[in-house]
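There are 2 protein chains.
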Amino acid sequence: MTTQMTTENTNTHDEGQIRQLIVDQQSAICAKDVDRIMAYYTTDVIYFDCKPPFQTQSADALRRIWEECFPYFPDSFKTETRDLNIFVSGSLAFAHWLLRFTEMAPDHPAMHTWLRFTAGYQRQQGKWQIVHEHCSVPFDPHTSQAVLTLDV
Amino acid sequence: MTTQMTTENTNTHDEGQIRQLIVDQQSAICAKDVDRIMAYYTTDVIYFDCKPPFQTQSADALRRIWEECFPYFPDSFKTETRDLNIFVSGSLAFAHWLLRFTEMAPDHPAMHTWLRFTAGYQRQQGKWQIVHEHCSVPFDPHTSQAVLTLDV
Chain C
15 MTTQMTTENT NTHDEGQIRQ LIVDQQSAIC AKDVDRIMAY YTTDVIYFDC KPPFQTQSAD
75 ALRRIWEECF PYFPDSFKTE TRDLNIFVSG SLAFAHWLLR FTEMAPDHPA MHTWLRFTAG
135 YQRQQGKWQI VHEHCSVPFD PHTSQAVLTL DV
Chain Z
15 MTTQMTTENT NTHDEGQIRQ LIVDQQSAIC AKDVDRIMAY YTTDVIYFDC KPPFQTQSAD
75 ALRRIWEECF PYFPDSFKTE TRDLNIFVSG SLAFAHWLLR FTEMAPDHPA MHTWLRFTAG
135 YQRQQGKWQI VHEHCSVPFD PHTSQAVLTL DV
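Line by line, the protein sequences are chains C and Z. With the first letter of the first sequence counted as 1, position 68 gets the number 82 in my numbering; the numbers rise by one all the way through. With the first letter of the second sequence counted as 1, position 49 gets the number 63 in my numbering; the numbers rise by one all the way through.
Since the hints were made in silico from the structure, they are not lab data. We treat Cβ as the ideally placed atom computed from N, Cα and C, and that holds for glycine. Hints are supplied without guarantee of correctness; some may be wrong.
Residues from chain Z that keep clear of chain C, each with C-beta distances beyond 12 Å, as calculated [unchecked claim]:
1) Asn23
2) Arg33
3) Gln34
4) Asp38
5) Ala45
6) Asp47
7) Tyr54
8) Thr57
9) Trp80
10) Glu81
11) Thr93
12) Pro120
13) Arg130
14) Arg137
15) Glu147
Derived list of chain C stretches under chain Z, where covered just means 3 residues or more per stretch with a C-beta under 8 Å from a C-beta of chain Z [stated by the list, open to error]:
16) 23-29
17) 144-154
Here are the simulated lysine-lysine pairs, DSBU-like style, with alpha carbons at most 35 Å apart [what the hints assert, rightly or not]:
18) Z:Lys65 <-> C:Lys46
19) Z:Lys141 <-> Z:Lys65
20) Z:Lys141 <-> Z:Lys92
21) C:Lys92 <-> Z:Lys65
22) C:Lys46 <-> C:Lys65
23) Z:Lys46 <-> Z:Lys141
24) C:Lys92 <-> C:Lys141
25) Z:Lys65 <-> Z:Lys92
26) C:Lys65 <-> C:Lys141
27) C:Lys65 <-> Z:Lys92
28) Z:Lys141 <-> C:Lys141
29) C:Lys65 <-> C:Lys92
30) C:Lys46 <-> C:Lys92
31) Z:Lys46 <-> C:Lys65
32) Z:Lys46 <-> Z:Lys92
33) Z:Lys141 <-> C:Lys92
34) Z:Lys65 <-> Z:Lys46
35) C:Lys141 <-> C:Lys46
Model the full structure from these sequences, guided by the hints.
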């Protein structure tokens, strides 16, 4: 029973750290601060983004992806997260959630939808980092159009 | 050192089990055997599919999704997997990989592309099961078209 409680407390603590990582990185995204964004990824991260390329391998390549997309972002925006689930065991964790961008001009063409995120984490030298992330929207198989206005 | 070795051996064993789960489930998909496909999911699985709905919550709902898509699958096909990465710690694991359908009629409209998969697993009562899965292709933000022909 004691062990069980300890495990639960440890997991609650670790889940809190993962939750904070997600919040902090979203804050960095809103600030378009590429150094802070990249601080959460391992150097060999593999990223599946909602737009091409099909996959991005390494933090160096991912940094360029982030830098290239900032001009398409609204000048100012916030993020809203829902349905966050976090799983932790030892030095491994993964999480999934839905995210949308808010508080931007209503006619801005970018990102008027929810995005789906899944991320995998490893704790290395006491610090949780993202080893894999997957962001997407579904597409209509009849039209091949991305589905950007679905209710969730 | 002994502990380290034991941990590595355990992880190798667990990684082998996850790898086999992925192979076995793909075999079940090729056989369009919904009972075998569903045997790998927890009852409260949350699924992000490459087509709508945006997310599917529960195995009952996911079973219907699988059943509804079988008529669109080729009569006969195989799968090819590449870039599989598996991470394990204790009773938690996640993996990501690329998959395409092969050995079907070359003019079949379905799935002439690679798909990206990320899955999270928990070991419950000695058996690994999928608690979350995320399948997608990227979309072109200028046209909103799913990108189905990318080189990977």
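Consistency of the hints with the structure:
no. : hint                  : verdict
1   : Asn23                 : holds, 16 Å
2   : Arg33                 : holds, 16 Å
3   : Gln34                 : holds, 19 Å
4   : Asp38                 : holds, 21 Å
5   : Ala45                 : holds, 21 Å
6   : Asp47                 : holds, 22 Å
7   : Tyr54                 : holds, 17 Å
8   : Thr57                 : holds, 15 Å
9   : Trp80                 : holds, 14 Å
10  : Glu81                 : holds, 16 Å
11  : Thr93                 : holds, 17 Å
12  : Pro120                : holds, 18 Å
13  : Arg130                : violated, 5 Å
14  : Arg137                : violated, 9 Å
15  : Glu147                : violated, 9 Å
16  : 23-29                 : violated (count 0)
17  : 144-154               : holds (count 8)
18  : Z:Lys65 <-> C:Lys46   : holds, 30 Å
19  : Z:Lys141 <-> Z:Lys65  : holds, 29 Å
20  : Z:Lys141 <-> Z:Lys92  : holds, 26 Å
21  : C:Lys92 <-> Z:Lys65   : holds, 27 Å
22  : C:Lys46 <-> C:Lys65   : holds, 18 Å
23  : Z:Lys46 <-> Z:Lys141  : holds, 23 Å
24  : C:Lys92 <-> C:Lys141  : holds, 26 Å
25  : Z:Lys65 <-> Z:Lys92   : holds, 20 Å
26  : C:Lys65 <-> C:Lys141  : holds, 29 Å
27  : C:Lys65 <-> Z:Lys92   : holds, 27 Å
28  : Z:Lys141 <-> C:Lys141 : holds, 29 Å
29  : C:Lys65 <-> C:Lys92   : holds, 20 Å
30  : C:Lys46 <-> C:Lys92   : holds, 11 Å
31  : Z:Lys46 <-> C:Lys65   : holds, 30 Å
32  : Z:Lys46 <-> Z:Lys92   : holds, 11 Å
33  : Z:Lys141 <-> C:Lys92  : violated, 41 Å
34  : Z:Lys65 <-> Z:Lys46   : holds, 18 Å
35  : C:Lys141 <-> C:Lys46  : holds, 23 Å
Comparing the model with each numbered hint stated earlier shows that hints 13, 14, 15, 16, 33 do not hold.
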